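Here is what each chain is made of, one letter per residue.
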Amino acid sequence: EAQVTQNPRYLITVTGKKLTVTCSQNMNHEYMSWYRQDPGLGLRQIYYSMNVEVTDKGDVPEGYKVSRKEKRNFPLILESPSPNQTSLYFCASSGSNYGYTFGSGTRLTVV
Amino acid sequence: GDSVTQMEGPVTLSEEAFLTINCTYTATGYPSLFWYVQYPGEGLQLLLKATKADDKGSNKGFEATYRKETTSFHLEKGSVQVSDSAVYFCALRNTNAGKSTFGDGTTLTVKP
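Chains A and B are the protein sequences, given in the same order. Counted from 1, the first sequence has number 19 at position 19 by our numbering; the numbering is strictly sequential. Numbering-wise, our numbering comes out as the position in the second sequence, counting from 1, plus 111.
Think of the hints as simulated: they come from the structure by calculation, not from any bench. All values reported here derive from a predicted model rather than from experimental measurement. One thing to keep in mind: the hints can contain errors.
[Claimed, not checked] Some chain B residues near chain A, calculated using beta-carbon distances under 10 Å:
| id | residue |
| --- | --- |
| 1 | GLN117 |
| 2 | MET118 |
| 3 | ALA138 |
| 4 | TYR147 |
| 5 | LYS171 |
| 6 | THR176 |
| 7 | GLY209 |
Beta carbons are placed, not taken as given, at the ideal position from N, Cα and C, and that holds for glycine.
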């Protein structure tokens, strides 16, 4: 089944403790992207990647890092999480038709 | 920069009513336009898309037409069902670009 898999689905962590949210797609898509969803703010793009080793900032990149060493994987790294990064995160991938396929989401709480 | 403005919600309709959710955009170049749907507790799913002016995207009874002259991409459905209750997002993406811009989402509730 074609899908984008994110892990974990839920995560509670403490301020300053580094964490990684993994994302993997099995559709051989070139484009991958991370979004955060917050009430009243809609969906905002954090980082995106147009291919292996090619990444760029979205609208809200501060406090996040990404890497794209393999085509299928696009992990999101929070080096020093803060409470304002508490949010619902989505990974997505896209091929040449430009419509994104989204993962099921990761609900992150930073205390 | 690019932006997408959606009709504010929430929208509440009775079953079999006609649905319109307005979406207008500002963008450079010639973006592709999308509607996504998000059911409770799930990720977004692509509902329909249009890649150039005057294209009509359609899926599951939903339709939207890419209107360049009015920079709009309004979502319509002739007869909604309870199962259509969800949050709907309008989005744009410029060709060969990884960057996408989403509207704030419109919550639709359909009552029996």
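| message | Hints numbered earlier in the text: which of these fail when held up against the supplied structure? | response | Going through the list in order, the structure violates hints 2, 3, 5 and 6 and respects the others.
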